[in-house]
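Trainee: This is what each chain is made of:
Protein chains: 2
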Amino acid sequence: MTGMDVTERVLARADANGEAALERLFALLRIPSISTDPAFAADCVRCAEHLAQELAAVGFEAKAHRTPGHPAVVGHDRSASGRSALFYGHYDVQPVDPLSLWQRDPFEPALDTLPDGRTVIRARGAADDKGQVMTFLEACRAWREETGSLPIPLTILLEGEEESGGASLPPFLREHAAELKADLGLICDTGMWDSETPAIVTMLRGLCGEEVVIHAADQDLHSGMFGSAAANPNRVLARILADLHDAGGRVTIPGFYDGVPELPEALRRQWEGLGFDAAGFLGAVGLSVPAGEKDRTPLEMLWSRPTAEINGMGGGYQGEGFKTVIPAQASAKVSFRLVFDQDPHAIRTAFRDFVRARLPADCRAEFIEHGSASAIGFDTADPAFARARDALTAEWGREAVFIGGGGSIPIAGDFRRKLGMDVVMAGFGQKDDRVHSPNEKYDLDSFRKGTRSWVRILGALAQRPAAS
Amino acid sequence: MTGMDVTERVLARADANGEAALERLFALLRIPSISTDPAFAADCVRCAEHLAQELAAVGFEAKAHRTPGHPAVVGHDRSASGRSALFYGHYDVQPVDPLSLWQRDPFEPALDTLPDGRTVIRARGAADDKGQVMTFLEACRAWREETGSLPIPLTILLEGEEESGGASLPPFLREHAAELKADLGLICDTGMWDSETPAIVTMLRGLCGEEVVIHAADQDLHSGMFGSAAANPNRVLARILADLHDAGGRVTIPGFYDGVPELPEALRRQWEGLGFDAAGFLGAVGLSVPAGEKDRTPLEMLWSRPTAEINGMGGGYQGEGFKTVIPAQASAKVSFRLVFDQDPHAIRTAFRDFVRARLPADCRAEFIEHGSASAIGFDTADPAFARARDALTAEWGREAVFIGGGGSIPIAGDFRRKLGMDVVMAGFGQKDDRVHSPNEKYDLDSFRKGTRSWVRILGALAQRPAAS
Numbered sequence: 000m001t002g003m004d005v006t007e008r009v010l011a012r013a014d015a016n017g018e019a020a021l022e023r024l025f026a027l028l029r030i031p032s033i034s035t036d037p038a039f040a041a042d043c044v045r046c047a048e049h050l051a052q053e054l055a056a057v058g059f060e061a062k063a064h065r066t067p068g069h070p071a072v073v074g075h076d077r078s079a080s081g082r083s084a085l086f087y088g089h090y091d092v093q094p095v096d097p098l099s100l101w102q103r104d105p106f107e108p109a110l111d112t113l114p115d116g117r118t119v120i121r122a123r124g125a126a127d128d129k130g131q132v133m134t135f136l137e138a139c140r141a142w143r144e145e146t147g148s149l150p151i152p153l154t155i156l157l158e159g160e161e162e163s164g165g166a167s168l169p170p171f172l173r174e175h176a177a178e179l180k181a182d183l184g185l186i187c188d189t190g191m192w193d194s195e196t197p198a199i200v201t202m203l204r205g206l207c208g209e210e211v212v213i214h215a216a217d218q219d220l221h222s223g224m225f226g227s228a229a230a231n232p233n234r235v236l237a238r239i240l241a242d243l244h245d246a247g248g249r250v251t252i253p254g255f256y257d258g259v260p261e262l263p264e265a266l267r268r269q270w271e272g273l274g275f276d277a278a279g280f281l282g283a284v285g286l287s288v289p290a291g292e293k294d295r296t297p298l299e300m301l302w303s304r305p306t307a308e309i310n311g312m313g314g315g316y317q318g319e320g321f322k323t324v325i326p327a328q329a330s331a332k333v334s335f336r337l338v339f340d341q342d343p344h345a346i347r348t349a350f351r352d353f354v355r356a357r358l359p360a361d362c363r364a365e366f367i368e369h370g371s372a373s374a375i376g377f378d379t380a381d382p383a384f385a386r387a388r389d390a391l392t393a394e395w396g397r398e399a400v401f402i403g404g405g406g407s408i409p410i411a412g413d414f415r416r417k418l419g420m421d422v423v424m425a426g427f428g429q430k431d432d433r434v435h436s437p438n439e440k441y442d443l444d445s446f447r448k449g450t451r452s453w454v455r456i457l458g459a460l461a462q463r464p465a466a467s
Numbered sequence: 000m001t002g003m004d005v006t007e008r009v010l011a012r013a014d015a016n017g018e019a020a021l022e023r024l025f026a027l028l029r030i031p032s033i034s035t036d037p038a039f040a041a042d043c044v045r046c047a048e049h050l051a052q053e054l055a056a057v058g059f060e061a062k063a064h065r066t067p068g069h070p071a072v073v074g075h076d077r078s079a080s081g082r083s084a085l086f087y088g089h090y091d092v093q094p095v096d097p098l099s100l101w102q103r104d105p106f107e108p109a110l111d112t113l114p115d116g117r118t119v120i121r122a123r124g125a126a127d128d129k130g131q132v133m134t135f136l137e138a139c140r141a142w143r144e145e146t147g148s149l150p151i152p153l154t155i156l157l158e159g160e161e162e163s164g165g166a167s168l169p170p171f172l173r174e175h176a177a178e179l180k181a182d183l184g185l186i187c188d189t190g191m192w193d194s195e196t197p198a199i200v201t202m203l204r205g206l207c208g209e210e211v212v213i214h215a216a217d218q219d220l221h222s223g224m225f226g227s228a229a230a231n232p233n234r235v236l237a238r239i240l241a242d243l244h245d246a247g248g249r250v251t252i253p254g255f256y257d258g259v260p261e262l263p264e265a266l267r268r269q270w271e272g273l274g275f276d277a278a279g280f281l282g283a284v285g286l287s288v289p290a291g292e293k294d295r296t297p298l299e300m301l302w303s304r305p306t307a308e309i310n311g312m313g314g315g316y317q318g319e320g321f322k323t324v325i326p327a328q329a330s331a332k333v334s335f336r337l338v339f340d341q342d343p344h345a346i347r348t349a350f351r352d353f354v355r356a357r358l359p360a361d362c363r364a365e366f367i368e369h370g371s372a373s374a375i376g377f378d379t380a381d382p383a384f385a386r387a388r389d390a391l392t393a394e395w396g397r398e399a400v401f402i403g404g405g406g407s408i409p410i411a412g413d414f415r416r417k418l419g420m421d422v423v424m425a426g427f428g429q430k431d432d433r434v435h436s437p438n439e440k441y442d443l444d445s446f447r448k449g450t451r452s453w454v455r456i457l458g459a460l461a462q463r464p465a466a467s
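Taken in sequence, the protein lines are chains A and B. The first sequence begins at 0 in numbering that gives the first Met the number 0 and counts up one residue at a time. The second sequence begins at 0 in numbering that gives the first Met the number 0 and counts up one residue at a time.
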């Protein structure tokens with residue numbers, strides 16, 4: 000019997016498991032594992048223990064490890080021989096605010112039907128990243144149930160702080176390096192190229208998150224009694240944030256573009272070949288014009304150009320009605336997406352200098368660090384990339400493509416730098432998944448065919464070089 | 000018996016009432032009449048009815064009148080003869096956020112002792128305006144109890160929307176003009192010139208409150224997936240707010256300074272004579288440098304120059320931790336302090352044009368109006384001003400001064416324009432009352448000597464021209 004016959008049988012088993020698999024995903028989605036909000040710390044622990052049990056049920060030797068933050072779940076099944084892999088996913092989710100914009104309880108998952116007929120799984124975390132994690136677990140389950148073992152030696156690592164800076168993971172990786180080291184990394188936290196074309200992300204931007212608080216008077220003031228005579232932190236902050244970009248959309252922080260080369264010509268041509276539909280991409284969220292750097296294509300803005308974004312800002316009275324106050328402070332959360340060789344720590348320092356240089360008399364700036372990660376790119380010469388691409392192509396009936404990614408997956412860089420592994424990042428998210436927004440969803444097709452895709456990839460990775 | 004003898008007896012009665020008066024003020028302060036927050040609407044009604052009963056107890060024919068917003072309390076006692084007066088105060092208070100900065104429950108008043116030995120009444124509304132209102136009511140009570148009547152025909156109007164735009168009052172004044180009309184207006188909602196020098200405010204700035212909401216995408220977006228390609232309302236709003244002032248601190252809105260003359264030389268000299276201590280004024284709140292227009296004195300900034308202040312702004316994620324989101328919208332509450340002949344409506348229109356002119360592609364602006372009032376100045380030739388000044392001088396042992404006011408008291412302008420009355424604005428607030436801030440207080444001396452001041456002013460206003 001050839002490997003291909005086996006894979007076909009495992010695929011059939013995965014299909015037969017469909018209904019039960021959906022129930023297992025729903026059970027996971029019901030746990031509100033919001034990592035950035037301390038109020039949900041106990042739910043994160045509960046989620047980690049739930050997943051450890053799920054892994055054990057599929058035959059893994061699994062455990063939820065304590066960390067200074069939320070637990071990290073690790074499972075091993077090294078019964079197979081051959082080249083080993085480490086799969087990574089995260090079980091934590093984004094906050095749900097504003098709750099009023101959700102059409103249903105974010106943690107009471109259910110199937111919805113979209114106007115175009117697609118069936119989707121609606122819940123916070125459905126796409127980012129619980130649904131994607133479960134495509135891999137269900138693929139392992141099908142292999143185990145159908146053949147009695149996994150096709151390759153496998154370790155699974157499920158993190159609980161991906162949405163909140165992930166401070167605990169780097170030390171955890173160092174302490175457990177020997178236990179986690181594998182020949183290849185696998186991550187399922189990315190998306191399709193388009194609704195029908197599967198993709199492997201081979202290049203990812205880095206991230207530097209920073210919060211700044213501008214302080215002036217030692218108390219809130221009446222704007223009638225003190226207006227214009229007293230420094231207003233709202234005005235000072237607005238000025239600083241407005242200065243972050245020039246008229247052409249370039250970031251003005253000195254040295255910000257150090258280590259940012261022009262795109263290699265070959266890569267540029269490959270990206271042009273993708274025929275990215277900027278109008279469709281923006282149109283899906285009610286926009287029409289790329290707002291970034293002039294003279295850059297939208298794909299460059301998203302994959303190979305660094306950015307500065309104000310993710311949150313606030314100061315003074317924001318409640319109903321009006322309050323004529325000059326606040327004692329105002330704050331902003333700013334994130335920088337980094338590319339190529341930009342140094343997150345140098346960027347953080349440059350930003351702080353940039354802010355301090357703009358502080359008027361009587362104002363001081365307080366800074367809060369929110370994590371950082373360098374950008375990464377992987378060597379697609381590793382045969383694992385070709386095998387994974389062929390497996391995806393076989394499942395979706397469309398040639399899978401190698402693409403860049405706008406988001407940041409710090410762990411991918413850590414795998415490369417700390418564990419010396421290349422990482423195959425394959426995921427099944429769609430552009431309209433509303434990740435990080437109210438009414439997040441994951442297509443039922445992404446879940447079903449995603450599971451089948453991993454069944455195929457695991458099978459393909461198991462083949463001896465001779466057989467490929 | 001001369002009027003002076005009577006006044007001395009009434010003052011003694013006011014002193015004797017001291018303890019009970021404080022209890023009556025505390026009872027009023029316990030009612031959380033926050034007018035800008037709909038959650039406290041019932042408390043505003045309760046506060047209005049409580050005051051109607053207080054007025055009745057002092058012999059007024061009083062009633063809490065329904066309005067489209069919060070009730071307006073009106074009381075009449077026209078038993079005396081001579082020139083009549085209309086007293087105005089407000090029973091609503093500012094919101095208390097951030098509650099965490101209060102050293103005690105804002106609505107559980109108590110006496111505190113300051114490091115310098117002063118005894119103060121600590122509660123939201125202690126100074127703005129419940130404590131000040133009660134100085135007048137207690138003065139009326141002392142006159143009534145000691146002499147069996149008030150010295151002049153009096154109407155009292157207590158509003159419940161002063162801190163929230165006061166939309167209901169102008170129509171109320173129109174409908175009840177005949178009932179409210181008097182020869183003179185009295186308002187107790189201002190402060191002393193310094194801790195020992197009483198003041199009458201004869202000039203007040205106007206106000207124009209406006210809220211702007213910038214909308215872009217039809218949903219919150221992931222800044223990794225959409226960053227820089229998608230318009231960020233936070234960035235657009237920061238740019239617009241930063242543009243409101245030039246490097247010299249001048250407001251850049253076209254036409255903003257129309258109707259703003261240079262200060263009359265006589266008034267400038269009188270203000271210079273006041274010897275305003277800018278360092279002390281700013282030092283009291285932890286500041287040191289006037290932040291307003293270059294080449295303007297702090298008193299000009301506060302009394303005779305218009306301003307634009309960002310009272311509140313917010314967009315995106317402001318909770319604990321970090322969320323890499325590009326929000327669908329961001330908003331700001333901006334207020335303009337107006338002087339001389341500036342037209343609030345023209346300013347509002349100019350601001351909206353200013354914002355629209357700065358909207359990039361895919362962004363739209365929504366505007367919410369938050370009330371407006373023109374600036375005013377009163378004719379101090381009316382003998383009532385001299386009599387009130389002499390009464391204040393007698394009580395405090397320091398020559399009372401005529402000053403400008405940085406804040407806005409729209410009702411004073413309405414009294415002038417709608418009821419044709421000049422208004423004597425005398426109040427006993429101190430610079431460190433923390434009005435609109437956590438831990439608001441009112442000096443016990445302000446309450447006691449304020450009551451005595453009104454006893455004297457009422458007595459002085461009663462004197463026939465021949466007797467003055």
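Think of the hints as simulated: they come from the structure by calculation, not from any bench. Just so it is clear, the structure is predicted and the values come from calculations on it, not from any experiment. Keep in mind that the hints are not guaranteed to be accurate.
Claimed, not checked - For each label pair, taking beta carbons as the anchor points, the in silico distance ranges come out as:
#1 B:D294 - A:D104: 32 to 42 angstroms
#2 B:D245 - A:V288: 23 to 33 angstroms
#3 A:D217 - B:D294: 57 to 67 angstroms
Said to hold, decoys possible - Simulated pairs of lysine to any residue, SDA-like, Cα-Cα distance not exceeding 20 angstroms:
#4 B:K293 - A:K430
#5 B:K430 - A:K430
#6 A:K293 - B:K430
#7 A:K293 - B:P359
#8 A:K293 - B:Q218
#9 B:K293 - A:K293
#10 A:K430 - B:R238
#11 B:K430 - B:R117
Unchecked claim - A few chain A residues that don't get close to chain B, going by computed Cβ distances all over 10 angstroms:
#12 S83
#13 D96
#14 S99
#15 R103
#16 R117
#17 E162
#18 G208
#19 H221
#20 R238
#21 Y256
#22 A277
#23 F321
#24 P382
#25 R447
Built from N, CA and C at the ideal position, the CB exists for glycine as well.
Trainee: So, for every hint listed, does it hold in this structure?
Mentor: Going down the list of hints, with the structure as the test:
1. A hinted range of 32 to 42 angstroms is violated for the C-beta pair D294 of chain B and D104 of chain A, which are about 59 angstroms apart.
2. Separation of D245 of chain B from V288 of chain A is about 29 angstroms and conforms to the stated range, judged on CB atoms against 23 to 33 angstroms.
3. Judged by the Cβ atoms, the range 57 to 67 angstroms given for D217 of chain A and D294 of chain B is violated: they are separated by roughly 28 angstroms.
4. At roughly 51 angstroms between alpha-carbon atoms, K293 of chain B and K430 of chain A are farther apart than 20 angstroms, so this suggested pair is violated.
5. With a C-alpha separation of about 56 angstroms, the suggested pair K430 of chain B and K430 of chain A falls outside the 20 angstroms cut-off, and the hint is violated.
6. Pair hint K293 of chain A plus K430 of chain B does not hold up; C-alpha atoms about 51 angstroms apart against a cutoff of 20 angstroms.
7. At most 20 angstroms may separate the alpha-carbon atoms for a hinted pair to count; K293 of chain A and P359 of chain B meet this at roughly 14 angstroms.
8. Of the pairs offered as hints, the one joining K293 of chain A and Q218 of chain B is violated, with about 24 angstroms between alpha carbons and a cut-off of 20 angstroms exceeded.
9. For a cut-off of 20 angstroms, the pair hint linking K293 of chain B to K293 of chain A is broken: about 36 angstroms separates their Cα positions.
10. Among the hinted pairs, K430 of chain A with R238 of chain B is inconsistent with the structure: their alpha-carbon atoms are about 29 angstroms apart, more than 20 angstroms.
11. In summary, the hint linking K430 of chain B to R117 of chain B is supported, as the alpha carbons are separated by about 14 angstroms, within the 20 angstroms threshold.
12. Distance to chain B confirms S83 of chain A as a non-interface residue, since its nearest Cβ pair spans about 30 angstroms, more than 10 angstroms.
13. Under the 10 angstroms C-beta cut-off, the non-interface status given to D96 of chain A relative to chain B is violated; the minimum distance is some 7 angstroms.
14. Every CB of chain B lies more than 10 angstroms from the CB of S99 of chain A, the least distance being 13 angstroms, so the non-interface label holds.
15. With 10 angstroms as the threshold on Cβ separation, the claim that R103 of chain A sits away from chain B holds: the shortest Cβ distance comes to roughly 16 angstroms.
16. The Cβ of R117 of chain A lies farther than 10 angstroms from every Cβ of chain B, with a closest approach of about 18 angstroms, so its non-interface assignment holds.
17. With 10 angstroms as the threshold on Cβ separation, the claim that E162 of chain A sits away from chain B is violated: the shortest Cβ distance comes to roughly 8 angstroms.
18. Once the 10 angstroms rule is applied to beta carbons, G208 of chain A is inconsistent with being away from chain B; the minimum gap is 5 angstroms.
19. The beta carbon of H221 of chain A is not kept farther than 10 angstroms from every beta carbon of chain B, the shortest such distance being approximately 5 angstroms.
20. Non-interface call for R238 of chain A relative to chain B: violated, since the shortest CB-CB distance, roughly 4 angstroms, does not exceed 10 angstroms.
21. For Y256 of chain A, the requirement that its beta carbon stay farther than 10 angstroms from each beta carbon of chain B is met, with the minimum near 13 angstroms.
22. Against chain B, the non-interface label of A277 of chain A is violated: not every CB pair exceeds 10 angstroms, the least being about 8 angstroms.
23. In this structure F321 of chain A is not separated from chain B by more than 10 angstroms, as the shortest Cβ-Cβ distance comes to only about 4 angstroms.
24. For P382 of chain A, the requirement that its beta carbon stay farther than 10 angstroms from each beta carbon of chain B is met, with the minimum near 29 angstroms.
25. Its beta-carbon lying about 23 angstroms from the closest one in chain B, R447 of chain A satisfies the requirement of being farther than 10 angstroms from that chain.
Checked against the numbered hints listed earlier, the structure breaks hints 1, 3, 4, 5, 6, 8, 9, 10, 13, 17, 18, 19, 20, 22 and 23; every other hint is satisfied.
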